[in-house]
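Student: Residue-level listing of the chains:
Protein chains: 2
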Amino acid sequence: MFSYDLSGKNKYYTLYECIRDDILRGRLKSGEKLPGKRTLANDLGVSVVTVQTAYEQLLAEGYVTSKERSGYYVCPLDISYRGRQAPKREVSAPQPAQKFAVDFVGGAAPAELFPFSSWARLMRSVLSDCGEHLLERVPCDGDGELKCAISDYLYRARGIAVDPRYIVVGAGAEQLYGTIVQLIGRDKLYAVENPGYRKISGTYELNGARCAFVPVHAEGVDVDRAIALRADVLHISPAHQFPTGAVTPASARARLINDAESRGSYIVEDDYDSEFRLVGKPLQNMYVLDPERVIYINTFTKTLAPSMRMGYMVLPPALYARYLEVFGKTSCCVPLFEQKTLARMISGGAFERHINRLKNYYRGVREELTGALSQLNIPHEVFDTASGLHFTVKFLTAPSDSFIKQRAAECGINIRCLSDYLLAPMDGCQNTVVVNYSGVTYTEVHKFFARAAE
Amino acid sequence: MFSYDLSGKNKYYTLYECIRDDILRGRLKSGEKLPGKRTLANDLGVSVVTVQTAYEQLLAEGYVTSKERSGYYVCPLDISYRGRQAPKREVSAPQPAQKFAVDFVGGAAPAELFPFSSWARLMRSVLSDCGEHLLERVPCDGDGELKCAISDYLYRARGIAVDPRYIVVGAGAEQLYGTIVQLIGRDKLYAVENPGYRKISGTYELNGARCAFVPVHAEGVDVDRAIALRADVLHISPAHQFPTGAVTPASARARLINDAESRGSYIVEDDYDSEFRLVGKPLQNMYVLDPERVIYINTFTKTLAPSMRMGYMVLPPALYARYLEVFGKTSCCVPLFEQKTLARMISGGAFERHINRLKNYYRGVREELTGALSQLNIPHEVFDTASGLHFTVKFLTAPSDSFIKQRAAECGINIRCLSDYLLAPMDGCQNTVVVNYSGVTYTEVHKFFARAAE
Numbered sequence: 005m006f007s008y009d010l011s012g013k014n015k016y017y018t019l020y021e022c023i024r025d026d027i028l029r030g031r032l033k034s035g036e037k038l039p040g041k042r043t044l045a046n047d048l049g050v051s052v053v054t055v056q057t058a059y060e061q062l063l064a065e066g067y068v069t070s071k072e073r074s075g076y077y078v079c080p081l082d083i084s085y086r087g088r089q090a091p092k093r094e095v096s097a098p099q100p101a102q103k104f105a106v107d108f109v110g111g112a113a114p115a116e117l118f119p120f121s122s123w124a125r126l127m128r129s130v131l132s133d134c135g136e137h138l139l140e141r142v143p144c145d146g147d148g149e150l151k152c153a154i155s156d157y158l159y160r161a162r163g164i165a166v167d168p169r170y171i172v173v174g175a176g177a178e179q180l181y182g183t184i185v186q187l188i189g190r191d192k193l194y195a196v197e198n199p200g201y202r203k204i205s206g207t208y209e210l211n212g213a214r215c216a217f218v219p220v221h222a223e224g225v226d227v228d229r230a231i232a233l234r235a236d237v238l239h240i241s242p243a244h245q246f247p248t249g250a251v252t253p254a255s256a257r258a259r260l261i262n263d264a265e266s267r268g269s270y271i272v273e274d275d276y277d278s279e280f281r282l283v284g285k286p287l288q289n290m291y292v293l294d295p296e297r298v299i300y301i302n303t304f305t306k307t308l309a310p311s312m313r314m315g316y317m318v319l320p321p322a323l324y325a326r327y328l329e330v331f332g333k334t335s336c337c338v339p340l341f342e343q344k345t346l347a348r349m350i351s352g353g354a355f356e357r358h359i360n361r362l363k364n365y366y367r368g369v370r371e372e373l374t375g376a377l378s379q380l381n382i383p384h385e386v387f388d389t390a391s392g393l394h395f396t397v398k399f400l401t402a403p404s405d406s407f408i409k410q411r412a413a414e415c416g417i418n419i420r421c422l423s424d425y426l427l428a429p430m431d432g433c434q435n436t437v438v439v440n441y442s443g444v445t446y447t448e449v450h451k452f453f454a455r456a457a458e
Numbered sequence: 005m006f007s008y009d010l011s012g013k014n015k016y017y018t019l020y021e022c023i024r025d026d027i028l029r030g031r032l033k034s035g036e037k038l039p040g041k042r043t044l045a046n047d048l049g050v051s052v053v054t055v056q057t058a059y060e061q062l063l064a065e066g067y068v069t070s071k072e073r074s075g076y077y078v079c080p081l082d083i084s085y086r087g088r089q090a091p092k093r094e095v096s097a098p099q100p101a102q103k104f105a106v107d108f109v110g111g112a113a114p115a116e117l118f119p120f121s122s123w124a125r126l127m128r129s130v131l132s133d134c135g136e137h138l139l140e141r142v143p144c145d146g147d148g149e150l151k152c153a154i155s156d157y158l159y160r161a162r163g164i165a166v167d168p169r170y171i172v173v174g175a176g177a178e179q180l181y182g183t184i185v186q187l188i189g190r191d192k193l194y195a196v197e198n199p200g201y202r203k204i205s206g207t208y209e210l211n212g213a214r215c216a217f218v219p220v221h222a223e224g225v226d227v228d229r230a231i232a233l234r235a236d237v238l239h240i241s242p243a244h245q246f247p248t249g250a251v252t253p254a255s256a257r258a259r260l261i262n263d264a265e266s267r268g269s270y271i272v273e274d275d276y277d278s279e280f281r282l283v284g285k286p287l288q289n290m291y292v293l294d295p296e297r298v299i300y301i302n303t304f305t306k307t308l309a310p311s312m313r314m315g316y317m318v319l320p321p322a323l324y325a326r327y328l329e330v331f332g333k334t335s336c337c338v339p340l341f342e343q344k345t346l347a348r349m350i351s352g353g354a355f356e357r358h359i360n361r362l363k364n365y366y367r368g369v370r371e372e373l374t375g376a377l378s379q380l381n382i383p384h385e386v387f388d389t390a391s392g393l394h395f396t397v398k399f400l401t402a403p404s405d406s407f408i409k410q411r412a413a414e415c416g417i418n419i420r421c422l423s424d425y426l427l428a429p430m431d432g433c434q435n436t437v438v439v440n441y442s443g444v445t446y447t448e449v450h451k452f453f454a455r456a457a458e
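Just so you know, the protein sequences line up as chains A and B, in that order.
Each residue of the first sequence is one higher than the one before, counting from 5 in my numbering.
Each residue of the second sequence is one higher than the one before, counting from 5 in my numbering.
Since the hints were derived computationally from the structure, they do not count as laboratory data.
You can trust all of the hints, since none of them are fake.
For identical chains, the list gives no copy identity; a pair is met inside one copy or between any two copies.
Heads up, simulated DMTMM-like pairs for lysine to aspartate or glutamate below, C-alpha to C-alpha not over 25 Å straight-line:
no., residue 1, residue 2
1, Lys-13, Glu-356
2, Lys-71, Glu-223
3, Lys-33, Glu-72
4, Lys-33, Asp-263
Isolated chain A, as found in the complex:
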């Protein structure tokens, strides 16, 4: 006992560890007295201060107790737990994702389209202009400069007049959906579109809310079903629904707004890719019809990059007041640095120039794709509302969805069918592929697409 090897550096800590391990392993029993400091220092050939410091660490952690003028005693320690080993430290290699030649599933715009040099320049300018202000706590609803820039953009580009105060900046769509549940309540019914992004209902459910499904047909969301559900929150993408591509017409929008008005329920207008209306102007938003019942929500996932993790919502004034009550003392999740950079990108016009470039690019991709499709000698129907970054194609003679995907995969094409996005059973979705071209580079597209259909 007490014949420790303290030849390494940091003798006091080694001594502390040795005694601690003896206590943990039961070699030093509860109540046992530790040797006097001078005695142990002599025995081990170290200074009294070393022993003193080790004893103090043991004391601080509660392994020993000290009795005045008497010394240090081992505390009772119930160590029936198995003293599990910490997992070995090893760096696990990341799983390589399956790589397709053409990917109609992933959503990110090709990286080379991102205006990286101007983004980097703005970052540098924010860094040198804002300096240590970047360390300040960001209000829960985001940086004021960014909120104003978003408000100006919404007004300029979309004709939506929003008091910047009611804008809430968050770290992407999922975080904002979670916030909506925390504001409106998890004991409420949330209606989402079917087929649709599983992520939307998944996030609501993960936050404890109940979900119901509203069918979406070619002519838009099924308004009668939506109203019959009497949901507290209806989450829709009226401008361009994913994956059907349906546009909710004005008459349906008006009925949904009337219903929300009369029951005091909310509509979440998820405008995730409305910037990409490739013909004409973006459609008029539901938000402007009723800013007290509609929560407008959008992100920069499609317009900038999914890694940006930034989005925003515009809350009705009453919900915003509640937001401040609940979250007033928290900080915004998005770093101030990214917020300032984006604010400058928007207010300096680079954001809109980038969107225009993207639109031109996607228009070209879409032409390639539809051109290739028109030459297909397989009977098919294209459903394309000239909006957003996807359309659907129904193959009239294909034996099954799995056959289509199998054939596509053999050609190096990753594609999903409408049925893959069904959240509840629904008829009429068979043999329809979702051509989501937001992530494809178009040089290779039509060749592959044609090959897949052979």
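Chain B: place on chain A using the hints.
Tutor: Structure of chain B alone, referenced to chain A:
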């Protein structure tokens, strides 16, 4: 009707807006036929293409329908809703926060201590080294480089061996607490320390979980009560509890681990300011005693800046597997840019140098404060475990907590009492102030503190 002024630019859009408003206001009735394109173009003195484009936008939004070889007809539109105005766009000036000369409540380290120039240098190097890779999607649990850097740091500085795989990076403590609820369940009981940070129980409750309170005394968390509660999750700060400053001794830790083992419950070890043990080494972590029942959690709020919004937790392997199931397809909330910068700051040693500088600084502040206190001629007791960035002082003759805070405020001092952090009633907390010196600049401290005690 149809005598619109289209003198501005963007004639087609103006025409679209005019007709749309006529439909919305009922001036154009359901079923009414729009004028022929040529007729209207002649009447308004614009090109046929302009009218055509406006009609197409109306068609796309569902305001009109088109009948082949006949023309465009107004759709039925139920517009009983009040057609609310969007809120006026106005920039609301931020509320100026009340400014105190000395603030013992706010938690941020003085900004001038932050190694801003080296942080900015690292940011620039990340920007130029990683370039467009910064746009890549970040795995749900964070960037691998940062996870490895954190694992190395935990091993080097704290003696905790962690497989970097089990580290999950998140946007600050609140987000991680929310994730814990989503992993373990909201139908479970979460026990938190009382007195304590309201934020902890508040975040659990906001995520739908039930909370119970475990008293914390000078000698640490009340283990008997903690065990009697049979909570599914026990959230504690064993190294240094806020606000009591209590350190949970080794024997109590062992009993809590035994209890978690036997019931299959979890312990969240919130190590939020453990780096700042000002005497000796940081205390041994509970995580190393049982990496299968303890979730280790820490942030960079105290060590870097609250605006950084970065934290991490180490999950037991079984919970990590569940994490991947639930969140595998989502992206990490923290921008890759910040993650890479922090990874380099840690692996290059700048992070630990910064912590050492902070420790030296805070040691000085603490000496000033205790020096000033020792000269007070008001009876008081200091409770200081030489850990973390706060201690408590009990004023034995003060008439009430509100009297103490009132006197302090008159001297420009913002301070809270232990009772302000009570989440459930508890005796023995009166007349005790929490001297949280993490945010103070020490040149002014002792002068003010002495003045407050007059």
